[in-house]
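Counted the way the working numbering counts, the sequence shown spans residues 312 to 561.
Just so you know, not all the hints are guaranteed correct.
[Unchecked claim] Here are the computed distance ranges between Cβ atoms for each label pair:
(1) K393 - R478: 52 to 62 Å
(2) Q339 - L476: 52 to 62 Å
(3) A421 - T392: 27 to 37 Å
(4) R474 - E346: 25 to 35 Å
(5) A421 - R463: 19 to 29 Å
(6) E349 - L430: 16 to 26 Å
[To be verified] With a straight-line cut-off of 25 Å between C-alpha atoms, the simulated SDA-like cross-links for lysine to any residue are:
(7) K393 - L496
(8) K471 - F489
(9) K393 - R352
(10) K393 - Q339
(11) K393 - V423
(12) K393 - A365
(13) K471 - R413
(14) K471 - R481
(15) K471 - H505
(16) K393 - L457
(17) K471 - D520
(18) K471 - R459
(19) K471 - R461
(20) K471 - E502
(21) K471 - A491
(22) K393 - H505
(23) K393 - R375
(24) K393 - Q427
(25) K393 - Y458
(26) K393 - R335
(27) K393 - V350
(28) K471 - P409
(29) K471 - Y458
(30) K393 - S370
(31) K393 - P409
(32) K471 - L496
(33) K393 - D364
(34) K393 - R366
(35) K471 - L457
(36) K393 - G333
Hints listed in this document are in silico derivations from the structure and should not be mistaken for laboratory results. Just so it is clear, CB atoms sit at the ideal spot from N, CA and C, and this is done for glycine as well.
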Amino acid sequence: MSRIPWARDELLLACALVMENGWRELRQHDVRVTELSEVLRALPLHTGAAARDARFRSSNSVSRKTTDIMTSHPEYAGARTKGGRLTEAVVMDFLTRPDDMRAAAEALRAGVTSGQLHLIPAQPEEDGDDGATSAREGRLLARWALYRERDRGLRDRKIKEARMLGRAIRCEVCAFDFRAAYGNLGDGYIEVHHVTPLHVAGPSETTLDALAFLCANCHRMCHRSYAGESWRTPAVLRAEMRALRVSGTP
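Whole structure, please, built from the sequences with the hints as guidance.
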């Protein structure tokens, strides 16, 4: 079997375990390593021969990766293994945003163990512009969030609630109103986006209060990721746009 690089989602789970272990490696026969191996093999990321090969993400390979993670810690004083740049990036994410990364790992585990992530098809926008998943929380949580936001029934209930409460159906970032711009053609046309990132909100059912109205452009910008960055909430995107207007940056 050819070597398959570790995905960010896998590193997220492995790094969470190493952090819980005081940034020390875990040995092959540690029950936590065995359990993580089973979770990694269950992730809906790899298919075909790799997923069926007993060597794929075995306890031995998981243990080796925990060593890579340990030696990637900036305070590690010994010889460093060649874990790769992505491993180093995920370690830095955990060091700079430990609570967020721990929450993301917990949400990912919950999605796998509950079986929910196995029911969700791949989403076109789960990859970055370069074809790779660059968001800090990885591919699968991105897939989960996009799938929920495409739920037509959920969007329709959000629109119905807004009308009952007399609220405007317009973008909550740039204030674009489709009806005002396009007349009857644009009436009721809007997209929805999670106010709170999925890994923070947890794997519970999405409520209407957890959704914001967005135009297509702002929605895309909320989901667009630079390397190592999280997706933006509507509030963060609003703040970024406001800062640009104040600074006069084109």
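These are the hints, each one checked on the structure:
1. K393 - R478: 52 to 62 Å: 54 Å, holds
2. Q339 - L476: 52 to 62 Å: Distance hint for Q339, L476 holds at roughly 57 Å.
3. A421 - T392: 27 to 37 Å: Given range 27 to 37 Å: holds, Cβ gap about 30 Å.
4. R474 - E346: 25 to 35 Å: This hint is violated: roughly 48 Å between Cβ atoms.
5. A421 - R463: 19 to 29 Å: 25 Å, holds
6. E349 - L430: 16 to 26 Å: 19 Å, holds
7. K393 - L496: Violated, at roughly 57 Å.
8. K471 - F489: The hint holds at about 16 Å.
9. K393 - R352: Since the Cα atoms of K393 and R352 sit roughly 23 Å apart, the hinted pair holds (cutoff 25 Å).
10. K393 - Q339: Holds - the C-alpha atoms of Q339 and K393 are around 19 Å apart, at most 25 Å.
11. K393 - V423: 29 Å, violated
12. K393 - A365: 24 Å, holds
13. K471 - R413: 36 Å, violated
14. K471 - R481: 13 Å, holds
15. K471 - H505: 17 Å, holds
16. K393 - L457: Violated, because 34 Å separates the two Cα atoms, which is more than 25 Å.
17. K471 - D520: 13 Å, holds
18. K471 - R459: 18 Å, holds
19. K471 - R461: 16 Å, holds
20. K471 - E502: 13 Å, holds
21. K471 - A491: 18 Å, holds
22. K393 - H505: 37 Å, violated
23. K393 - R375: 11 Å, holds
24. K393 - Q427: 34 Å, violated
25. K393 - Y458: 36 Å, violated
26. K393 - R335: It holds: about 16 Å lies between the C-alpha atoms, which stays within 25 Å.
27. K393 - V350: Within the cut-off at roughly 24 Å; holds.
28. K471 - P409: Roughly 38 Å separates the two Cα atoms, so the pair is violated.
29. K471 - Y458: 20 Å, holds
30. K393 - S370: Distance of about 19 Å is within 25 Å: holds.
31. K393 - P409: Answer holds: K393 to P409 is near 23 Å, not above 25 Å.
32. K471 - L496: 18 Å, holds
33. K393 - D364: Status holds; Cα separation ~24 Å.
34. K393 - R366: 20 Å, holds
35. K471 - L457: Given that 25 Å is the threshold and the Cα spacing comes to 21 Å, the pair holds.
36. K393 - G333: 21 Å, holds
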